[in-house]
Amino acid sequence: MAWHLGRLAGFDLETTGPDPLTARIVTACIVQLGGQQPTVAANWLTNVDGEEIPAGAAAVHGISTEKARTEGVPLKEAVGEILAGLTQVILAGVPIVAMNARYDVTLLDREAERFGLAPLPASPVIDPFVIDKQVDRYRSGKRTLTALCQHYDVRLDGAHSADADAVAACRVAWRQATRYPQLAAMTLDELHAAQVGWAAEQAASLQEHFRKKDPAAVVEGAWPLIPRQREATS
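Here the working numbering is used: position 136 in the sequence shown is 116, and no number is missing along the way.
The set of hints was computed from the structure by calculation and includes no laboratory data.
Be a bit skeptical, because a hint or two may be false.
[As the list claims (entries may be wrong)] With a straight-line cut-off of 20 Å between C-alpha atoms, the simulated SDA-like cross-links for lysine to any residue are:
1. Lys47 - Glu31
2. Lys56 - Leu25
3. Lys47 - Asn23
4. Lys122 - Val199
5. Lys113 - Ser185
6. Lys113 - Gly177
7. Lys193 - Trp178
8. Lys122 - Leu136
9. Lys113 - Arg155
10. Lys47 - Gly30
11. Lys113 - Tyr132
12. Lys56 - Thr67
13. Lys56 - Glu46
14. Lys56 - Phe95
15. Lys193 - Ala183
16. Lys113 - Thr126
17. Lys56 - Gln68
18. Lys122 - Gly138
19. Lys113 - Glu31
20. Lys56 - Ala72
21. Lys56 - Glu31
22. Lys113 - Ala164
23. Lys113 - Gln130
24. Lys56 - Gly36
25. Lys113 - Leu25
26. Lys47 - Leu25
27. Lys113 - Ala184
28. Lys122 - Trp178
29. Lys56 - Lys113
30. Lys47 - Ser141
31. Lys47 - Lys122
32. Lys192 - Gly138
33. Lys56 - Leu97
With these hints in hand, go ahead and build the complete structure from the sequences.
Spelled out as structure tokens, the structure:
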């Protein structure tokens, strides 16, 4: 059976900022859907470990510092539960679907490191962002989740909430597999390995473009996880 006809696990974080090495988790969602089974979702709102949520980030996801501190669970507790939930999914053989997975997977990894928690086991990841840039590389315009939902005719209710984004990412991945049979024909391991190469090529191309104006520009090519060792030696 093709992977997109089975169970998928959407994963999304809403956070305090754009840098996955330093941002903190505000909300998170893991949603399992498809495979002719009921949709099951788990959601978290954290206290952000007492940190302030910048106004710009709050404007995107709608969670204020006050709301997080009043209603959120301790961040360490949430990170542990998120890791446990994803590990359970992985051990069940269900692929993780994450839009721009490099960001979410790396950010969760760094939160685990801060709290001394075990990292996620290796697992196939499906990233609609990387896939879209590969299969339709010359299309102009944005490649945000909202833009991809419009392009692939996927409904997106409540953009920039973790649960809505996680569901939408799975729907986009499903549409990609139905539109491009070569994706559906791959095993999950083959698709994951292909995305590793595609992401590296995409980063190298973007870096080359940026270096026309800034010779020192660097674009991260590791996917879906920026290695801790690289950060430590950089």
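*Keeping to a limit of 20 Å between CA atoms, is the pair of Lys56 and Leu97 held or broken?*
holds, 9 Å
*Does the structure keep Lys113 and Leu25 at a Cα separation of 20 Å or less?*
Given pair Lys113, Leu25 is violated - Cα atoms ~31 Å apart, limit 20 Å.
*For the pair we were handed, Lys113 and Thr126, check the Cα-Cα distance against 20 Å.*
holds, 15 Å
*Verify the proposed pairing of Lys113 with Ala184, using a straight-line Cα cut of 20 Å.*
Given pair Lys113, Ala184 holds - Cα atoms ~13 Å apart, limit 20 Å.
*Measure nothing beyond the straight line between the CA atoms of Lys56 and Leu25; if it is 20 Å or shorter, mark the hint as holding.*
holds, 12 Å
*Decide if the proposed pair is consistent with the structure: Lys56 and Glu31, CA atoms, cutoff 20 Å inclusive.*
holds, 13 Å
*Lys56 and Lys113: Cα distance at most 20 Å?*
Violated, because 35 Å separates the two Cα atoms, which is more than 20 Å.
*With a cut-off of 20 Å on the C-alpha distance, tell me whether Lys47 and Ser141 pass.*
Given pair Lys47, Ser141 holds - Cα atoms ~15 Å apart, limit 20 Å.
*Below or equal to 20 Å on CA atoms is what counts here, so check Lys113 against Glu31.*
violated, 35 Å
*Given hint Ser185 paired with Lys113 - CA-CA distance at most 20 Å*: Status holds; Cα separation ~12 Å.
*Going straight from one Cα to the other, do Lys56 and Glu46 come out at no more than 20 Å?*
holds, 18 Å
_Distance restraint between Lys113 and Ala164, which requires alpha-carbon spacing of 20 Å or less_ = holds, 17 Å
Violated hints, in rising order: 7, 19, 20, 24, 25, 29, 31, 32; the structure is consistent with all others.
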